[in-house]
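*Asks:* Fit chains B, C and D to the supplied structure of chain A, relying on the hints for placement.
4 protein chains.
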Amino acid sequence: MNAPTKLEDAFHQLIHQNHLWGLWEIASQMTPHPRPEAIAHQWKWSVLEQVVKQSATAVPVGDERRAMQLFNPGLNGQWATTNTLIAAVQVLLPGEIARAHRHTPAAIRFIMQGNGAYTAVEGEKVVMHEGDLVLTPSWQWHDHGNETQETVVWMDGLDVPLTKALNCIFFQMHDARRAEESKPVNGSKALYGHGHLAPTWVKERPRFSPLMLYSFDQTMEALHALREREGSPYEGIALEYTHPQTGGPVMPTMSCRIQLLRRGEKLKARRVTGSSVFHVVQGQGRTLIDGKPFEWAKGDIIALPSWALHEHANTGPGEAILFSISDRPVIEALGFYREATS
Amino acid sequence: MNAPTKLEDAFHQLIHQNHLWGLWEIASQMTPHPRPEAIAHQWKWSVLEQVVKQSATAVPVGDERRAMQLFNPGLNGQWATTNTLIAAVQVLLPGEIARAHRHTPAAIRFIMQGNGAYTAVEGEKVVMHEGDLVLTPSWQWHDHGNETQETVVWMDGLDVPLTKALNCIFFQMHDARRAEESKPVNGSKALYGHGHLAPTWVKERPRFSPLMLYSFDQTMEALHALREREGSPYEGIALEYTHPQTGGPVMPTMSCRIQLLRRGEKLKARRVTGSSVFHVVQGQGRTLIDGKPFEWAKGDIIALPSWALHEHANTGPGEAILFSISDRPVIEALGFYREATS
Amino acid sequence: MNAPTKLEDAFHQLIHQNHLWGLWEIASQMTPHPRPEAIAHQWKWSVLEQVVKQSATAVPVGDERRAMQLFNPGLNGQWATTNTLIAAVQVLLPGEIARAHRHTPAAIRFIMQGNGAYTAVEGEKVVMHEGDLVLTPSWQWHDHGNETQETVVWMDGLDVPLTKALNCIFFQMHDARRAEESKPVNGSKALYGHGHLAPTWVKERPRFSPLMLYSFDQTMEALHALREREGSPYEGIALEYTHPQTGGPVMPTMSCRIQLLRRGEKLKARRVTGSSVFHVVQGQGRTLIDGKPFEWAKGDIIALPSWALHEHANTGPGEAILFSISDRPVIEALGFYREATS
Amino acid sequence: MNAPTKLEDAFHQLIHQNHLWGLWEIASQMTPHPRPEAIAHQWKWSVLEQVVKQSATAVPVGDERRAMQLFNPGLNGQWATTNTLIAAVQVLLPGEIARAHRHTPAAIRFIMQGNGAYTAVEGEKVVMHEGDLVLTPSWQWHDHGNETQETVVWMDGLDVPLTKALNCIFFQMHDARRAEESKPVNGSKALYGHGHLAPTWVKERPRFSPLMLYSFDQTMEALHALREREGSPYEGIALEYTHPQTGGPVMPTMSCRIQLLRRGEKLKARRVTGSSVFHVVQGQGRTLIDGKPFEWAKGDIIALPSWALHEHANTGPGEAILFSISDRPVIEALGFYREATS
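Residue numbers (the numbering used here), protein chains in the order written: chain A, 1283 to 1624; chain B, 1283 to 1624; chain C, 1283 to 1624; chain D, 1283 to 1624.
Everything labelled a hint here was simulated from the structure, so no lab data went into it.
Each hint should be verified, as a subset may be incorrect.
If chains are identical, the list can't say which one is meant, so a pair holds when it fits in one copy or spans any two.
The calculated PhoX-like cross-link candidates involving lysine-lysine, where the alpha carbons are at most 20 Å apart (straight line), are [stated by the list, open to error]:
id, residue 1, residue 2
1, K1335, K1288
2, K1485, K1550
3, K1550, K1574
4, K1548, K1574
5, K1407, K1326
6, K1465, K1580
7, K1580, K1326
8, K1580, K1288
Looking at chain A on its own, in the form it has when it is part of the complex (with noise of 0.2 Å):
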């Protein structure tokens, strides 16, 4: 490109003070595949344990969570784990409360450690055990407490920078410490967690899961159901959580997956519009993204970005599980779904 004329500039300039930008000065950004700013990037347990060790006496739950948010690097300092997830480690002591709120960026809760603390979602005291997945969709009332003798640790998994992206997020703090039990303990497990049978008095449809809680004994059974398939060459054996009143994902902005790597498998790679953020639940092994090898073990979280290419190995002595949010709901409701091998 030649040096600009006069008659550019002055161009240049008017549009500038106009607040109007030429195409031909920013088109590079029309890039031929995602180049995501965050970068894939894993937090190991042996620090988060520290970490959660540490919270304890550091910092107190006050008003709002004890929650550890795990910030992508390539983020500068944006509340963000990828692009559209937050991710973070919470620790509720015995005796603790998590005061009652709500907000529009939904949640899960993913049990790390500790069994009996719970949820209240809306009404329904949810009791967690680990291993299990708790829902606190958007826009619902949730408090969490501690009534047993143990540090409870979960993973939180949010929308929070999808939200924000679409300028959507909403916040309420309720007036009251905690928010009223109106229904059942883990009631909504009994009215969905049996089979596929519906309660054919319920009318409601929500477009999150109305099913709470989605209890370990169940994911490990249906794992184990399955641990002779052969399930996806990019995935193993993986299962979507899902909404019992359509099949599709939990909650409209997020997916949950489980996903067993059995005793010496090797997954292919694979790339995937959209991004997610992996939590080990069991075993050991070695995740290669673009290019560049994370190994990883119990209660390691690894960031995981769009368009990545990744594969994952199970390089341990037994059977290695996956935990996983991604905001394929999103991509595939927007008809930007694609996937790659190379």
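*Replies:* Only chains B, C and D this time, still in chain A's reference frame:
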């Protein structure tokens, strides 16, 4: 109305000979509400049991099934238990095979007696136990076999009258006595039968449920988890078996339901558009249908026509459980669903 | 098959007296493919015209309509043109009103003769011209009136046999001769009739099309815009009238189509599940149905049963246009659609 | 809050160096309601016109387009008119061609000046006139050409910021300057542009509207047919351009609307989640946005951020017409839609 004039007579003669008929001649068929020709009718287990026993020696399984079809007394010898549904009681002796075939009418089996026989559905052997619901959806190859030492009895439910009314019956006999087994035994249960978790590598999205076996133990678990709930004033603790990929009915033409009536429970009267066939799984009770009482006990089968006012009561010493099939998905898909309480 | 034994005889007697029938006695009803009782039949305009003329003096409009119903000769006097559809030719003289009523069977009108009469549908007066399609969906109040100086003739199409087979007929006579006009004349056309533009303030999403009038001028415009296209080898330039809010059929139970056969065009043979009624809007041609030729011209009406092999040819000097109704949406919603070319 | 203790300090240091951040440090980002960084902003036609004129000589069409992008002053130089949308004013001189390319961001064009130029979309040449809406959906090849004697100007609208936030941008330059014409000129209008009539032989069901051209004459016809209606108290006679096969928005990521304000009409205030860009097609008026008045006239473009309270008034001597794009389909698909009137 006055006596017809000559002109009128001539006109009617003209139109009738040309296969035309005046609306005024037939308008009474536009009834204020449905007036089914099918009637409410009960087949007592005491009779069915005798029939089952005698059938073993009286008729061979042959190329057809040893299936005794429940003909509604109001339907003049039509192959129909209600206007849209046919139910039957089928008997398979030890060592017998009911030859493989397929047809567009969809079928369900609800196991009444015996454990361990199988229905093979499109290559999947499904092992059946008492209280199980087994699907053989439209146009899926299926054969039945009894490799156990005991006689097996089940209730068949099909949408034959509907399929026939729509002029959509196709039938094909398999070349072989048994279709080839191409899938793991109870394989669809492994894929879909454990909680709300969907195998991500399966891309098929059939109109019918891909889960062929709804086990009785899960059904009972679900019913009992809800036995303290209020449920429906008309149906009690009534659950619909659902399609895991849609949350909807198991077939586009039939809904299957299971219903718990607690001890002493007396439900309210209601009428709905669409017809059903009930089977008593457990307990005893009384159903009033358009004022006529039907006293029922385990094993009975009852036909309930469209728009009949019906109310169920548990009159026995324990819980009562009713299984039923209905044409509700058709009625709803076409916009004809209505209900009334008197 | 050998002669029945005494045991067999006794068994059959037992089951029959208990309203049971052996599958082996009736299995021949599971036919390899549909065998409709309805036959292909043609009502010639030369006959219909004579009937229309005589009807004016022979029968009053009364509380009913002066509607001559096309009875399929194969259906033994049932109120049915095919297994699911009834067509009729209706005549309204200057000054007449056909009293307001509503019924669950849905109806369409295709205007054959006369301009300026109206059908009032749920408070909207719809003014009708030749070639227009007018809807009166399920359970919508409707009356017809002719304030012009000429006799008006149209073809009615209803899903009466289907609604009856489903035991879902409801009918109600209006207290008044004419239901109250509560909406602008042709108001739904103003809302939905100009391009693909939807009024954002309307929240209703009925199952049936909210557009009551599909004007012939638009239909012709659409056909002619496509007259150089290849179209379908079986149907030519065939367009389906659509529900503006879904893009699907105008009613859940009936599809309406318009079809252009270019000069000299000879379409290929096909059979489909589901039945239709054709009306010749313009031109002349020949349709072979299961090998039998039907020569048709403007004004004729032809019943086409399910699974009949049919091929259309334009044999006239100009373009031919066929309007038709079918039960296709039912067939598709229930998963029964099939086609074959021989 | 008290001053942090040493323990707290050490803890924060630990977590920050490990890319963790306390929720208590950032919770203020969970705002009670959306607080967009984008601001309401107006680009006056008087300025745009000058830019359009100068652009003709100052910059070539090159391999890119001569498209001046409207940068929201609140968004710090991001390529964005609102958080999710980018609008631009594009100029094509007689004889010019804007080279063929495709990208995952979807685009619309609303023609501001000039008649007879074209956009070729996936093989279909679409001829454009003032007031027309032309689609170039996600990943469809498109080039623009001006074979007329006059300069053509249009408004572009794209979902670039959204696609970027989702890390889903793909872009590809075509090998040839112009993609091959494989379809009839304005062919999609022939297929879908005449009333609610769908070609039965077309099997494709894209997520985006298959109708590429929404002609202004139809738009005006629709608006004028409704000009006596009440319409919406917040939007007046507001129509959404729809996907002919679904009745929904033209793209999964963008809604296009046209809106008539009658003479003297003053609409009520409302805020909604989601952002829009308005373009004044005709007339003049005033829009109050969060209390700030924007006086507008033909040709102006206005950015409206999420949740901004806005009210439109027609202050001119005749009817006013506003065209707008918004991210409403995204907001609704993800369950984030809300509105409030204060």
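*Asks:* Are the hints correct? Go through all of them and say.
*Replies:* Cross-check of the supplied hints:
Proximity of K1335 to K1288 under the C-alpha cut-off of 20 Å is restricted to the inter-copy arrangement: shortest distance 16 Å between copies versus 64 Å within a copy. Only between protomers do K1485 and K1550 lie at most 20 Å apart by alpha-carbon distance; the minimum there is 19 Å, versus 43 Å within a single protomer. Within a single copy, K1550 and K1574 get their C-alpha atoms as close as 15 Å, which meets the 20 Å cut-off; across copies the closest is 56 Å, which misses it. Only within a single protomer do K1548 and K1574 lie at most 20 Å apart by alpha-carbon distance; the minimum there is 16 Å, versus 60 Å between protomers.
Taking the closest pair of Cα atoms, K1407 and K1326 never come within 20 Å of each other, the shortest separation being 31 Å inside a single copy and 45 Å across copies. When the C-alpha separation of K1465 and K1580 is checked against a cutoff of 20 Å, the pair qualifies neither within a copy, at 35 Å, nor between copies, at 34 Å. For the identical chains of this complex, K1580 and K1326 are intra-copy neighbours only, at 9 Å inside a copy versus 59 Å across copies, given an alpha-carbon limit of 20 Å. Taking the closest pair of Cα atoms, K1580 and K1288 never come within 20 Å of each other, the shortest separation being 63 Å inside a single copy and 31 Å across copies.
This entry does not satisfy hints 5, 6, 8, going by the numbered hints stated previously.
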